[in-house]
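A.B. asks: Residues per chain are reported as follows:
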Amino acid sequence: MLPLQPQDIQTHIDRLAGQDLYLHLELTTGAYASHLDSTRPSASAFITNAAVRYTNGSISGTGPYRVGLKTEQGWVYAEGLTHVDENDTERLILAGHDSQGKLIVALQLSRERF
Amino acid sequence: MNTIQAEHQRILVVFPHPDDEAFAAAGTLAMYIEGGAQVTYACLTLGEMGRNMGIPPFANRVTLPTIRKEELADSCLAIGIQDLRMLGFHDKMIEFEDQQLLDSLILKLLKELTPSLVITFYPGYSVHPDHDATGAAVTRTVGRLPAAERPLVHCVAFASNHEQMIGKADVKLDVTAFLTKKMASIRAHRSQFQAAELVGNRELTDEEIRNRFGTEQFWTYRFD
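Heads up: the protein sequence lines correspond to chains V and A, in order.
Counting from 1, position 10 in the first sequence corresponds to residue 10 in the numbering used here; the numbering is continuous, with no gaps.
Counting from 1, position 3 in the second sequence corresponds to residue 3 in the numbering used here; the numbering is continuous, with no gaps.
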């Protein structure tokens with residue numbers, strides 16, 4: 001994973017627009033959040049291999065970044081994105097890491113199932 | 001300090017995540033294996049929903065399962081575990097799995113291996129929902145066996161209230177003689193161990209390692 005360059009991500013988002021894709025979207029504090037600090041509730045959500053097709057999308061912000069994808073019926077949104085899998089040229093694998101390096105958010109798009 | 005030692009020749013370990021074996025029981029398992037025990041580790045998931053991706057991050061949601069599979073195999077090698085079974089369940093989802101499916105797989109292992117000792121998490125006192133659900137499946141399945149056929153079940157517990165609820169551990173093991181193997185097992189989990197709450201990012205002194213990792217403890221599960 002490397003710190004993401006927004007212009008590269010925008011190119012990738014544009015390339016995947018208008019196609020039937022699989023989405024993995026996740027936000028997580030981790031299951032240990034409230035165990036390690038009782039003032040922090042554990043909260044997580046993920047959806048994996050959701051079928052999605054977006055008409056247009058963009059990356060925004062100065063880092064950490066936000067991504068919004070406009071679908072035919074609604075929106076996909078993620079905030080806190082910092083890293084990209086630079087080796088994956090087909091799929092778009094984005095993640096956001098906290099100051100300790102832990103994953104807090106993931107947004108992934110692929111033509112094939114994850 | 002050691003509060004057991006019954007002989008155990010066949011041991012079944014059931015945990016949900018690669019690295020559970022390293023932190024919870026690596027020293028104990030290395031000790032039994034040195035005494036001639038055959039250990040089977042049934043690891044329910046690949047920990048593919050873990051948040052630690054290495055420091056700096058080298059893994060992601062897509063690559064993590066493959067990376068953790070290799071780490072798990074290396075950890076088992078470090079401990080000396082002879083038989084690793086990866087059961088293929090999805091990380092974080094054990095509590096939502098089909099209980100009959102889970103129980104039937106555990107029963108199959110119990111029948112095949114006839115272990116005298118089973119090591120798992122204490123249901124309800126093990127923090128992560130996967131830990132609790134794994135311990136629940138194991139104790140439920142062992143509890144259904146006729147009393148004479150039940151192996152001993154040693155559970156790991158670490159929820160903040162656990163001692164109030166289940167008392168102090170009845171099995172306490174000094175594993176300092178096996179710390180080289182235990183630390184090799186922990187460090188085999190390259191994407192995980194540098195996390196601050198686990199080992200951290202700096203070299204620990206021998207004394208710190210002894211204090212933090214030199215003791216392992218278990219609660220014998222009561223079926224009555």
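Note that these hints are calculated values from the structure, not bench results.
Virtual Cβ for every residue (Gly too), placed ideally from N, Cα, C.
The reader is advised that the hints may include incorrect statements.
Stated by the list, open to error - Pair ranges (Cβ atoms, derived):
1) V:LEU2 to A:ALA196: 15 to 25 Å
2) A:THR180 to V:ARG53: 36 to 46 Å
3) A:MET86 to V:ASP8: 31 to 41 Å
4) V:ARG111 to A:ALA148: 55 to 65 Å
5) V:ARG15 to A:PHE96: 53 to 63 Å
6) V:PHE114 to A:MET86: 11 to 21 Å
7) V:ARG111 to A:GLN100: 29 to 39 Å
8) V:ARG15 to A:GLU34: 55 to 65 Å
Stated by the list, open to error - Computed from the model, here is a short list of chain V residues facing chain A with C-beta under 7 Å:
9) ALA95
10) SER99
11) LYS102
A.B. asks: Of the numbered hints stated earlier in the document, which are not met by this structure?
C.D. replies: The structure conflicts with hints 2, 5 and 10, although it agrees with all the remaining ones.
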